[in-house]
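Mind docking chain A on chain F? Use the hints.
Residue numbers (our numbering), protein chains in the order written: chain F, 905 to 1204; chain A, 905 to 1204.
It should be emphasised that the hints constitute simulated quantities derived from the structure, not laboratory data.
Careful: at least some of the hints might be erroneous.
It does not matter which identical chain is used: a pair holds within one copy or between any two.
With a Cα cut of at most 35 Å, we get these calculated DSBU-like pairs of lysine-lysine [unchecked claim]: (1) Lys1178 to Lys1016; (2) Lys1016 to Lys996; (3) Lys1178 to Lys950; (4) Lys1123 to Lys1088; (5) Lys1138 to Lys1057; (6) Lys1106 to Lys1055; (7) Lys957 to Lys1178; (8) Lys950 to Lys1203; (9) Lys950 to Lys1138; (10) Lys1016 to Lys1042.
These are the residues of each chain, in order.
There are 2 protein chains.
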Amino acid sequence: MLGLTILGCNSAVPSFGRNPTAQVLQTQKENFLIDCGEGTQMQMAKWNIRRSKVTRIFISHLHGDHYFGLIGLINSMSLLNRTQDLHLYGPKELEEIIGIQMRVANSHLSFKLFFHPILEEGILVDDNSMTISTFNVKHRIECRGFLFREKKKPRSVNGEQVRAYGIPVSFYEKLQEGQDYTNKEGTVIPNEVLTRPGIRAKSYAYCADTVYDETIIDKVRGVDLLYHETTYLKANEDRAQMHFHSTTTQAATIAQKAEVKKLIIGHFSSRYEKLDEFLIETRSVFKDSVLAQEGTCYKI
Amino acid sequence: MLGLTILGCNSAVPSFGRNPTAQVLQTQKENFLIDCGEGTQMQMAKWNIRRSKVTRIFISHLHGDHYFGLIGLINSMSLLNRTQDLHLYGPKELEEIIGIQMRVANSHLSFKLFFHPILEEGILVDDNSMTISTFNVKHRIECRGFLFREKKKPRSVNGEQVRAYGIPVSFYEKLQEGQDYTNKEGTVIPNEVLTRPGIRAKSYAYCADTVYDETIIDKVRGVDLLYHETTYLKANEDRAQMHFHSTTTQAATIAQKAEVKKLIIGHFSSRYEKLDEFLIETRSVFKDSVLAQEGTCYKI
Chain F
905 MLGLTILGCN SAVPSFGRNP TAQVLQTQKE NFLIDCGEGT QMQMAKWNIR RSKVTRIFIS
965 HLHGDHYFGL IGLINSMSLL NRTQDLHLYG PKELEEIIGI QMRVANSHLS FKLFFHPILE
1025 EGILVDDNSM TISTFNVKHR IECRGFLFRE KKKPRSVNGE QVRAYGIPVS FYEKLQEGQD
1085 YTNKEGTVIP NEVLTRPGIR AKSYAYCADT VYDETIIDKV RGVDLLYHET TYLKANEDRA
1145 QMHFHSTTTQ AATIAQKAEV KKLIIGHFSS RYEKLDEFLI ETRSVFKDSV LAQEGTCYKI
Chain A
905 MLGLTILGCN SAVPSFGRNP TAQVLQTQKE NFLIDCGEGT QMQMAKWNIR RSKVTRIFIS
965 HLHGDHYFGL IGLINSMSLL NRTQDLHLYG PKELEEIIGI QMRVANSHLS FKLFFHPILE
1025 EGILVDDNSM TISTFNVKHR IECRGFLFRE KKKPRSVNGE QVRAYGIPVS FYEKLQEGQD
1085 YTNKEGTVIP NEVLTRPGIR AKSYAYCADT VYDETIIDKV RGVDLLYHET TYLKANEDRA
1145 QMHFHSTTTQ AATIAQKAEV KKLIIGHFSS RYEKLDEFLI ETRSVFKDSV LAQEGTCYKI
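Pulled out of the complex, with its shape left as it was, chain F reads as follows (with noise of 0.2 Å):
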């Protein structure tokens, strides 16, 4: 299961009390940053989201408002004596902007960080548990969007039924990845009667700042979960074109599209203090939509 923390939920500047863009996707034994504004490391501490377990940050672009906070969370887990790797995927001139803040600083890291410069789109990172790919968006600078797709579980073991048809502990794996088993007596025990299916593998889709653009619809069709901006409201459909922006309907039509399952709506402009609207005109064309409020998780 994945559950999906917002840190920061508005966009350029801060107002009302709303951060920049950050979030965190968690998982069992790791949690992934997406996104980075100022104020990402006090968000962290207020929301209880543990820095030691963050094990891979993702930038989208190089706009301040997705990434002015990196370079204070990065300090700050040095100040504190980490010492577990960090994984950094991002634009690759970010690694100069952090490069020259260490040395003017004559400071050196206490962990290892391994800076991942994303120059196309495809796989990020694919281990045991989950596949992480990233996908252009359309901005006003090169930006990036986000997939992640837990690898499909295993089947778990039915305690009752292995003991009642005594099957020994060394097949156990066997029977997790699926297959049958065959007694002394030459009796095929289906796996069904031995097993429960595993949970579904679940996925989530980050769509960062972008302008209405349809060739997203393939990249997320789908998802358990699709984040996409709404800076504006329907009504300033012209000025979301104008700054490579979307609207609440623009996202939505991605969202229904894509057949996806659920859409989080979030990158509110500064203009709009109360987002009531926002989900209103949203759910008018994608019903399962939910408004990103900053410590709220949403499981996935």
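Only chain A this time, still in chain F's reference frame:
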């Protein structure tokens, strides 16, 4: 009259809801921002400090807890279409750090930013109302303190008396400068009869991160308010020395030897949740001491 509002009073890593260093020295017509840790722009919004009144920013040194909020603040000023000039004083490397972050965002400021690299001790600003100078302190990297001195205020004309003696309005400016008035009969009316003393010019000294250093004493002698860092309690004097920081009693000793009117202490280490001991220890050496508390405005 001057007012000092504390926006951040913690050192290094933000902790216990305390923010990294930033403070605003307020005059009637402008705000001077002194250091700018991460989250300063949010703190300014929270404590009603107007960004538009900030005319000059002073950065003591390039440890992150003193400047990581600068790029976000400047960026927000521009997004809000600031047009007034902004003057920035700090270590020379700051120009490149800001420059690279503007370039990768393909952004241009809406206002003129004048960067004044600090290369040596001396006067930074000398205008009608104020002289602002910088002096070296001793830290792990190059670090400066700042001294703000109001210009001597002109004497104010005593309305009742000037009418009684029939002084022409055209002579008021000379009265403010301290001249006596000689009437047609050749009688000299002494200035003291016709005017009241101007409000006393005030002074504020900011000693950013520094080890205990008696060369500071002469530089801040007699100021109305001295801010001196106290990262550690007295018991951690060795640690303070090692990290080029000061303790409570060391700050108080500087205040006492410099015969300042009042001492404000801050830059508290994240190892301390409660700050009572800081005040008790400091006052044991220098009675007129206060804690830097976020959101509080200290009148000078």
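Which of the numbered hints are not met once you compare them with the structure shown? 4, 5
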